[in-house]
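Protein sequence lines, in the order shown, are assigned to chains A and B.
Residue numbers 1 to 234, in the working numbering, belong to the letters of the first sequence in order.
Residue numbers 1 to 342, in the working numbering, belong to the letters of the second sequence in order.
These are calculated hints, taken from the structure and not from any lab test.
Here the structure is a predicted model, which means the values were calculated and not measured.
Wrong hints could be hidden among the right ones.
Stated by the list, open to error - Only pairs whose alpha carbons sit at most 35 Å apart, straight line, appear in this in silico DSBU-like list of lysine-lysine: (1) K128(A) - K181(B); (2) K107(B) - K154(A); (3) K68(A) - K196(A); (4) K211(B) - K181(A); (5) K187(B) - K5(B); (6) K211(B) - K3(A).
As a plain string of letters, each chain reads:
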Amino acid sequence: MLKIEGLHAGYGGFEVLRDVSIEVGAGETVAVLGPNGAGKSTLLKVIAGLLKPSSGAIHFENRRIDGKAPYEIVEMGISLVPEGGRLFPELTVYSNLMMGSFNKRTRRYFKDSLEEVASLFPIIKQRKNQVAGLMSGGERQMVAIARALMSRPKLLMLDEPSSGLAPKIVASIFEFVKEIKDRGYSVLMVEQTVKKAVNVADHIYLLESGRVEFHGKKEDFLENPKIKRSYLGI
Amino acid sequence: MKQIKNLKRGILLFLLALLIVWPFLFQSKYLLHILILIFIWSYVTTVWSYMGRFGLVSLGHGAFFGIGVYTTAILFNLHHVSPWLGMFVGGLVAAAIAVVLGYGCFKFGVIGHYFAIATLVLSEISTLVIIALRDALQTGGRLGLTIRSVGTSPLYLQFDNKMYFYFLALALLLLALFIWKKIDESKAQMALKAVGEDEEAALSLGIDVVKYKTAVFALSAFLTAVGGTVYVQFTMFADPTTCTGVGLSLGIVFKAIIGGMYTLWGPTIGSLLIVILEEYTRLFLGSAYVSYSHIIYGLLIIVLIRFLPKGLHGTVSEIFQGRRKREAKTLLAGRQLAENRD
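In isolation and in its complexed conformation, chain A is listed as follows (with noise of 0.2 Å):
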């Protein structure tokens, strides 16, 4: 479904990924683990066209769409939720949602879709008309994946659904992530709570400074000795 090769980008002169091949399969969850600097979110931001890649190519349902607009890219179905959800703070919970299906594709469908994403996250009917600047953490990120499922994708992209958010709360996210992956959407992930990320995916890769230094299933990953002591503590 998503296939990137040879994949290279950074900010300015300084190169952040280097040579990274992905891949997603249609209704497959992948997850991409690494420490901090690593280039997970700036991954996230070439595939859903916020930053130019330098080189290498990005296909969509076997069409290319690295070099493309934001916008077209949510057209064809490729959604992100960005770290920390980055609702509009000053709009209510059901405009934010509205913003979500935004796009030409999915304008018409909205009450179908709030629906579809309601019966997902009970909590956005009850507080459809909240400022979504006043919701807690854990509230805001769920709110943020509803909208990401308002524009209708068939990838969605988590970028550390996770990040600040206590213990609890990150297992209740991380439930969400495996009902929406129950319902068919093939999901892109990127986490550095591993073990909990790893769970929920079939895939796994490893991004160290730029550099897929390790891909497989979710098993070979468990097994692999390097990675049991430094990333699992075992």
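Guided by the hints, dock chain B onto chain A, whose structure is given.
Same frame as chain A, but now just chain B:
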């Protein structure tokens, strides 16, 4: 709530009626002149706020105003083209420049302060161009130019009686307020609001940020140039300091900040105050102290930005309808406290 709304509507209708009969009741030419200036600057400031309220701060509107002024003046003086046509030509030129500059800036991430600086440069360039074209297009350079008088001629937008300009300027202001309302109801308003709050989030939701920002910039530039045309037909004289450049651009921004750029009436109230202030200092301190008004409104700006960042009207209307917001703020503070404790 509904009563308040009706009361407000009543007051507005009364004010409008008063403004319409004003020139017939009072013969003072001076007051009429001041009112016309207030209308024109309110119009330009309102139009500026179309983008200012979404965080798109342009310091280049002096240039667009100047384009309106000089395009009309030159077309008429040299080629005898009616200012009605000149108004559209000027507007289109201004809009074209806004599209090129805006698209270029927004496409390549020149936003926020950097965008403000880019437009500031445009203001400066406009002055230089007018001076450079002193002979080629008879702009008169620093000395200014005078519009050839043809007496009263509706076809050439010239009237000996100020009353015509009074109604023209009032109509323009009403048009600007009407368009503000229309923008508020459009889906562009949602998009722009989202962009103003968090541009990257808006981008990642698939909002064509560049398109909406460029469009509102072009609209604002077009209408500003139209204001320039009316202004120069009214004063019949143009020079680079009063009709274009950085000073004028900043003047527009200050008016918007003082009145409040986030509310429909804010720009009008800001312009009202500044024009009165300028007149007052000019009259009572005399022409020797002409720049005193600038010192006073410089100080005003500092005080207002510090204490009333939403401007006079913005803050006052917030106090009136703001109980909900204040409660929200306490809630937010409480929640942050709780989060910190965790």
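Notebook entry, point to check: Which numbered hints does this structure break?
Noted result: Failing hints: none at all.
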